[in-house]
Each structure stands twice: as structure tokens, then as C-alpha cells.
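In order, the protein sequence lines correspond to chains A and B.
Numbering of the first sequence is given in the numbering used here, commencing with residue 4 and proceeding in unit increments.
Numbering of the second sequence is given in the numbering used here, commencing with residue 4 and proceeding in unit increments.
Mixed in with the good hints there might be a few duds.
Same chains, same label: a pair holds when it works inside one copy or across any pair of copies.
Cross-link-like lysine to aspartate or glutamate pairs, in silico, EDC-like; alpha carbons within 20 Å at most [what the hints assert, rightly or not]: (1) K63 / E149; (2) K205 / E117; (3) K205 / D330; (4) K63 / E52; (5) K82 / E199; (6) K172 / D399; (7) K205 / D114; (8) K374 / E405; (9) K190 / E264; (10) K172 / E264; (11) K205 / E148; (12) K374 / E102; (13) K374 / E264; (14) K172 / E186.
Think of the hints as simulated: they come from the structure by calculation, not from any bench.
There are 2 protein chains.
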Amino acid sequence: MTTASICTIGDEILIGQIVDTNSAMISRELGKAGVRVSEMLSVGDDGREISRVIEEGLRKNDIVIVTGGLGPTKDDITKSVLYRLSGSTGYVTDNRQLEIIHDLLTSRGLDVLETNRRQAEVPDRCSVIPNRLGTAPVMVMRFPEEKYGHTATVYSLPGVPFEAAGAMKDIISDIRSAYSLSEIHHKTIMTYGIAESALSEKIAGWESALPSYVRLAYLPDPLKGVTLRLSVYGASDDAETVFSTETEKLKKILGDAVYAENETTLQQVVGELLRKKGMTISTAESCTGGLVASLLTSVPGASDYFLGSVVSYAYSVKENVLGVSPDIIGGYGAVSPECAAAMADGVRRLTGSDFAVSTTGNAGPAASENKDVGLVWVGISSEYGTQTMDFHFHNDRIRNRERFAASALDAVRKYILYQ
Amino acid sequence: MTTASICTIGDEILIGQIVDTNSAMISRELGKAGVRVSEMLSVGDDGREISRVIEEGLRKNDIVIVTGGLGPTKDDITKSVLYRLSGSTGYVTDNRQLEIIHDLLTSRGLDVLETNRRQAEVPDRCSVIPNRLGTAPVMVMRFPEEKYGHTATVYSLPGVPFEAAGAMKDIISDIRSAYSLSEIHHKTIMTYGIAESALSEKIAGWESALPSYVRLAYLPDPLKGVTLRLSVYGASDDAETVFSTETEKLKKILGDAVYAENETTLQQVVGELLRKKGMTISTAESCTGGLVASLLTSVPGASDYFLGSVVSYAYSVKENVLGVSPDIIGGYGAVSPECAAAMADGVRRLTGSDFAVSTTGNAGPAASENKDVGLVWVGISSEYGTQTMDFHFHNDRIRNRERFAASALDAVRKYILYQ
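Hey, can you work out the whole structure from these sequences and the hints?
Here you go:
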């Protein structure tokens with residue numbers, strides 16, 4: 004099986020100032036094409052270390068993918084490492100990349116600076132895959148079999164995540180042309196509302212009965228719930244059949260906790276349900292501060308079903324904009340089922356949407372109104388009436404807000420399903 | 004200098020299904036304490052690979068920190084690797100952790116399952132740091148100097164990010180008790196509104212004149228702008244003096260593009276400015292869909308200055324809730340300075356806030372109203388009048404929305420600064 008090592012370069016990663024999201028993206032793309040990632044590494048802006056991990060990576064793997072260390076600023080030294088490793092004897096300007104640099108910068112009204120121009124220069128033993136989304140090109144360094152006992156290739160990508168993502172298609176084509184790839188099969192089942200350990204007990208019998216060549220992983224995420232992933236490595240004629248049989252069994256056990264059978268978000272599922280019904284939604288948010296609306300509108304085309312939201316952080320906005328009665332806030336508090344219901348009804352009236360969902364809770368760090376940190380009330384309003392429900396979480400502010408928002412989306416999903 | 008290697012365990016990371024955020028968090032904490040992270044690695048749920056990277060890590064570093072692979076479900080195998088590496092001869096139950104497991108689960112109304120109980124069992128040669136936030140304890144394995152030529156310690160943390168974060172304080176104490184730590188000095192300067200390459204040209208002279216022992220890094224981020232980081236490694240009496248001299252020089256060159264001198268977000272800076280002035284804000288959002296409000300309310304205590312928001316995605320909500328005249332939308336379109344101004348004025352009137360900021364733009368993927376993808380109009384309204392400004396970006400939908408929101412926050416910052 005063709006394997007790869009992913010190396011991320013940058014002091015900013017090693018000191019923890021930025022989180023490396025490129026490795027996950029690259030790994031997903033390689034996996035889809037049938038390349039197995041055997042390890043991921045991050046090292047600092049240190050030429051010797053970069054050389055070492057590339058060379059070690061090539062001894063153990065067919066492919067090494069390097070990201071980062073190609074920006075226009077002086078802390079980037081990856082290019083000189085590739086120069087030395089490839090045995091280059093000079094730099095050459097890649098005219099396709101130079102043209103892209105020119106077009107990109109002038110379209111933004113920027114001057115083409117000497118530092119930009121220099122980014123089109125590459126070591127003469129490297130070939131180039133132009134980067135259409137940014138100034139630093141992808142460099143490809145291929146070694147003959149003698150050197151590492153197998154065809155060994157280094158791809159060097161820019162560190163800017165959307166540029167790295169944009170380059171992957173060309174890199175996968177290049178890999179396909181140089182290696183004969185085997186297969187990996189994955190099946191993803193998305194669940195919401197059951198904690199990982201409870202889920203594990205619930206499906207223990209099913210899990211033990213899985214065919215031995217099928218691997219199962221639990222992937223918990225605050226916004227997505229627990230994702231279950233089935234994997235079959237290597238060529239398999241019946242992987243898809245096994246996946247669909249096992250998914251059916253799982254759905255019998257878990258019922259409506261299963262919200263999708265592929266990498267999908269709750270906001271996409273809710274959006275699709277609304278689109279199918281030809282119905283619209285609005286949100287009224289207190290503790291989530293606009294996060295539910297932001298998630299719903301992160302989906303392209305959300306304007307087909309999402310009308311708008313009122314973030315009613317202050318009591319005055321709850322009362323004056325949403326029409327929540329001061330008696331409710333005075334009598335029950337803002338974190339109450341009565342307030343959640345009035346907020347949902349209020350925003351539905353205001354926007355004229357078919358459905359409305361509200362959140363009012365206490366994300367922390369400090370408790371308010373003597374209500375627990377981690378408590379949220381969700382209200383759902385439609386022409387059929389108004390429902391409220393409470394959820395309890397035990398995390399920090401950021402994470403509680405995410406769980407509140409996801410619980411609200413999941414409540415909407417179930418409400419629409421049973422209309 | 005005391006060094007560490009950070010190893011993240013899990014197939015879900017290697018296949019790219021989740022992004023590893025623990026390594027960055029751990030690295031920041033180690034760095035603050037004076038431990039240098041020399042590398043980060045991720046390997047799959049494979050006992051041999053986990054053993055290999057831990058042992059290689061211990062040969063090269065004083066400390067190896069392992070995260071993940073300790074969950075209650077069957078795909079986690081880190082504990083058995085530690086059993087073997089530590090030469091344990093049995094498992095013992097840690098009663099402090101067992102008590103925590105019991106308290107945590109019963110407080111959530113959950114049963115204590117056998118899988119939960121088993122999480123308190125640790126290899127008998129490991130010591131335990133209790134994990135107060137979750138069920139899996141932190142395990143500590145310390146080897147005598149003979150084995151690796153230096154005191155070598157493995158810390159094994161749970162993979163759940165907030166549990167891992169919660170354990171770091173105790174781990175740092177343990178490291179301080181076993182190693183004499185040297186120092187790392189960092190100074191962070193946050194800038195917004197100047198792209199990385201232009202910034203680099205602008206400060207090239209200053210950068211060349213930096214003392215040779217001061218390292219500079221550029222850390223671009225869509226929500227934070229470009230962070231500049233100065234670093235001095237090793238003991239230094241004058242690091243703070245050098246940092247403050249250099250920061251002053253930098254501020255003369257960059258002016259109000261510098262918004263903070265430590266790790267701070269734009270939403271925190273805007274919040275502090277509002278708090279100091281005793282003034283309030285509201286937002287009216289179209290393309291950002293609640294993201295500006297969500298960022299502002301992610302800061303604890305935001306209720307002191309944030310009143311609320313109207314997300315006016317549909318024309319009808321712009322008109323009926325915010326009072327934007329249909330003539331504006333008909334005549335200029337929703338993505339226009341006229342609409343941005345009317346939205347900001349409208350939400351200020353509605354909520355009674357001192358300031359209001361609005362966004363209306365086109366995040367993509369498809370163009371609308373014949374306006375460019377990546378164009379956003381920001382409106383700011385206060386008693387002194389209403390301003391609008393446009394920004395142009397060239398990214399995907401998610402990234403454009405982030406840049407739109409950050410630009411709106413930065414516009415508010417500058418507006419308040421010059422009031």
C-alpha cells in the first residue's frame with residue numbers, strides 16, 4: 004500500500020500559536036485516493052530538522068508532503084532545504100507561477116514586490132505545480148528508486164490552508180501518475196445526543212459482531228455529536244454491502260440519534276429538511292449569541308430557508324424587539340422554559356418564518372439567576388404550537404456555547420422530522 | 004534546555020477526520036514554563052507505532068507527552084502500550100479517579116458503567132494525576148537516568164481537549180519538580196488590516212536591525228490579522244526591555260494597525276474599549292449571519308456592553324425588522340453602502356445601543372446582484388453619524404465570512420478610538 008508522511012513546518016506550530024489544520028485536510032484527500040498516512044509530524048523553522056524529517060519520511064514512506072515554510076517573509080526556510088536535498092545547482096523562475104502572482108496582486112490593487120516575485124523562483128531540480136490561489140508554488144521533488152529502494156516523492160505545499168487545499172487535486176493527479184494506488188473504504192455514520200460511553204455500551208453487541216476486517220472508531224465533536232466510522236483497508240468487493248448492512252443494524256439500535264450516513268453537519272441536515280418542505284426558519288438567541296444563525300448560514304444556499312435572527316442578549320432586546328413579557332423575565336428569569344418559548348414565538352412573529360428556534364441559558368464562566376452553568380433552554384415555535392426542552396452540559400464557555408447551538412439544531416431536526 | 008515531544012494518538016487524526024488542537028494547547032503551556040517543544044507527531048491506534056514514537060521521543064527529549072487513546076471505547080489502546088513500556092505487572096485502581104468518575108457521571112444523571120469504572124485502572128508502575136474534568140486519569144511514567152541517559156518522563160493525557168487543558172497545570176507542577184527549567188521569552192504584537200507580504204516590506208528595515216538573538220515570526224490568521232512574535236531563547240535579563248523598545252519602534256511604523264501587545268482578539272479589544280467608555284453596541288448582519296455577534300459574545304462579560312443583534316438574511320427582515328427602505332434595496336441592492344448604513348442605523352434605533360455595526364456582502368460561492376464574491380460593506384452608526392466602508396477578499400465562503408466579521412470588528416475598533 005502506498006504510504007505518506009505529512010510534515011508541517013513552522014515555529015508558530017511548535018510553540019502552539021497556531022493549530023495545524025492542513026494535515027487533517029491533506030490526510031482526508033490522500034485517504035480518498037487510497038494513500039495511507041502513516042504519521043504526521045511538525046517541526047520548527049530549522050533547516051537541519053526539516054531535512055531530517057523529510058529524509059526519514061522518505062525511507063519509511065513513498066511520499067512526504069511538506070506544508071508551510073514557503074511564505075514571503077524571512078522566517079521561511081523550507082525552500083533552501085529542498086534546494087540542498089534535491090541537489091539543485093541554481094534557482095529558476097517558474098513563469099506560470101510568476102504570471103499568477105502578477106494577476107493575483109494586481110487584481111487586489113497591490114504592487115508586485117520583489118519578495119513576491121522571488122516566490123516564483125524554485126530549485127532547478129524541482130518541478131512545479133502552479134498554485135492558482137496564492138503566490139508560493141507547489142514544488143515536487145522525485146528521487147529515483149536507487150536512493151530509497153522505492154520511488155520517493157516530496158511535495159512542498161504553501162502553509163495557507165485554502166491554498167494548500169486548492170493544490171491537492173493536482174497533487175493527487177501527480178501521485179496517481181507515479182504510483183498504483185490501492186483502496187481504503189470508509190463509511191461514516193453521524194449521531195447526536197448520546198455521549199460516547201453510553202453509545203459504546205448501547206452498541207457493544209453490534210460492535211462485537213462486526214466482521215473482523217471492519218474497523219470501528221468513535222469520533223466525538225461538540226458541534227457534530229459522535230461520529231462512528233467503519234473502515235476496510237485494501238481491495239474489497241463487498242465493503243459497500245457490509246457497510247450498508249451494518250448501518251441498517253445500527254439505525255435499528257440508535258433510531259433518530261443517527262442524523263446522517265456521511266460527513267454532514269447538523270446545519271446541513273436541518274437545511275435540507277427545510278428545503279424539502281419548502282419551509283423557512285429564524286432564530287432567537289441569547290447565550291449562543293448568534294452561533295446558531297452563524298452555523299445555519301455557513302451552508303451555501305441558506306438564504307432559501309433562513310430568514311434571520313434576533314440575538315437578544317440584553318433583557319431590553321428580549322422585551323422590546325422579541326416582545327417577551329417583563330413578567331416572564333421577572334417571574335421565571337431569562338433562563339427559563341417560559342422565556343425560551345416567548346423568544347421563539349417572538350422571532351417567528353417578527354420574521355414570519357414557518358419555524359423558529361430559541362436558546363437561553365448560561366454558558367459560564369459565572370452562574371447567573373442562580374441557574375447552573377451549562378444549562379440551556381431551547382424553544383421551538385411553529386404553527387402547531389411551541390415546545391421547550393432543557394439540556395445540561397459541563398464544559399467551559401466556548402464549548403458550552405457550541406453544545407447549546409448543536410442541541411438547538413438537533414432539536415429542530417427532530418421537530419421537523421416528526422411534523 | 005528541557006525539551007519535549009508531543010505525540011497524538013488516533014486513527015481519526017491520521018485519516019483527517021478530526022483536527023488535533025491539543026498539541027498547540029500543550030505546547031503553549033510548556034513554552035510558558037520554559038520547556039521547548041522539539042517536535043509534534045501523530046500516529047494511529049497501533050501499539051507498535053505508539054511504542055516506537057514514545058521510545059524515540061524519550062531518546063531525544065526529556066519529556067514525551069502523549070494525548071488520546073484513553074477513551075472508554077474499544078479503539079483506544081494507549082494504556083496497554085504504557086503497561087508494557089513501564090514494565091508493569093498488573094493493573095491497580097486509582098481510587099481518587101474512581102471517585103471522580105462516580106461524581107461526574109451521577110451528577111449528570113448517568114449510570115457508572117463497567118467501561119467507566121475500568122478507566123480508573125492504571126498499570127502498577129505508573130503514577131496518577133487525577134483528571135477532575137473527565138473519566139480517564141493522567142498517567143505518569145518516569146524512567147531512571149540509566150535508561151535514556153537523562154531523566155525521562157512520559158505523561159499520558161486524555162484526548163478530550165478541555166480535559167487535556169485542565170490537566171496541564173498539574174503536569175507543569177510535576178515537570179517543575181523533576182527538571183530545572185530554563186526560560187523562553189515571547190512577545191506578541193497583534194496587527195490587523197495589512198497583508199503579510201506588505202507588512203513584511205513595511206517593517207523590513209526594522210526587522211534587519213533587530214538584535215541577532217531576537218527571532219521574529221509572522222503568524223497570519225483570518226480572525227486575528229497578522230500576529231508578529233518576537234522570541235528570545237535562554238536566560239535573558241533584558242528580554243523585556245528589548246521587547247518594549249522594539250514594540251515602540253514597530254508601533255511608530257505601523258500606527259493603529261497594531262491593536263494589542265499580547266495574545267488578544269479583536270473582540271476582546273473592542274469589548275474593552277466599550278467597557279472603558281461605558282458604551283453599548285449592537286450588530287446588524289447579513290452575509291456574516293451572526294458571526295460578528297457570536298465573536299463579541301464569546302468574551303465572558305460581554306453582556307456589559309453587547310445588547311443584541313439582528314441577522315437580516317432575507318430582504319423582508321431587512322425591511323420589516325430593521326426598517327431598511329425597499330427603495331434602497333431596489334435602487335442600490337442589498338450589498339451597497341446605502342443598505343449597510345440603513346442596517347446599522349436600524350439596529351441602533353431598535354436596540355437603543357450607542358454604537359451599531361452592520362455587514363452586507365457576498366461571501367460566495369455564487370455571486371449575487373452582480374457584485375463580486377468577497378466584497379463586503381460595513382456600516383457603523385453612532386450619535387455622531389453613520390460611516391460605511393468596503394473590503395475585498397478572495398477566499399472561500401467560510402474564510403470570507405471570517406474576514407468580513409474581523410474587518411467589521413476592526414472598523415468598530417478604529418471608529419471608537421477616534422471618537
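Results for each hint:
In this assembly of identical chains, K63 and E149 lie within 20 Å of each other by CA distance solely inside one copy; the values are 14 Å within and 30 Å between copies. Only between protomers do K205 and E117 lie at most 20 Å apart by alpha-carbon distance; the minimum there is 13 Å, versus 62 Å within a single protomer. For the identical chains of this complex, K205 and D330 are neighbours neither inside a copy (44 Å) nor across copies (58 Å), given an alpha-carbon limit of 20 Å. In this homomeric assembly, K63 and E52 come within 20 Å of each other (Cα to Cα) both inside a single copy, at 17 Å, and across copies, at 12 Å.
Taking identical chains as interchangeable, the C-alpha atoms of K82 and E199 lie at most 20 Å apart only when they sit on different chains, with a minimum of 18 Å there against 44 Å within one chain. For the homomeric pair K172 and D399, the shortest alpha-carbon distance between copies (16 Å) is at most 20 Å, but the shortest distance inside one copy (38 Å) is not. Taking the shortest alpha-carbon separations for K205 and D114, only the inter-copy value of 13 Å comes in at or below 20 Å, while the best intra-copy value is 61 Å. In this homomeric assembly, K374 and E405 come within 20 Å of each other (Cα to Cα) only inside a single copy, at 19 Å, whereas the closest approach across copies is 33 Å.
Taking identical chains as interchangeable, the C-alpha atoms of K190 and E264 lie at most 20 Å apart only when both belong to the same chain, with a minimum of 8 Å there against 46 Å between chains. Taking CA atoms no more than 20 Å apart as the test, K172 paired with E264 passes in neither setting, with 25 Å inside one copy and 40 Å between copies. For a Cα distance limit of 20 Å, the shortest separation of K205 from E148 qualifies neither inside one copy, at 50 Å, nor across copies, at 46 Å. For the identical chains of this complex, K374 and E102 are neighbours neither inside a copy (61 Å) nor across copies (25 Å), given an alpha-carbon limit of 20 Å.
Taking CA atoms no more than 20 Å apart as the test, K374 paired with E264 passes in neither setting, with 37 Å inside one copy and 37 Å between copies. Taking the closest pair of Cα atoms, K172 and E186 come within 20 Å of each other only inside a single copy of the chain (18 Å); across copies the shortest separation is 44 Å, beyond that limit.
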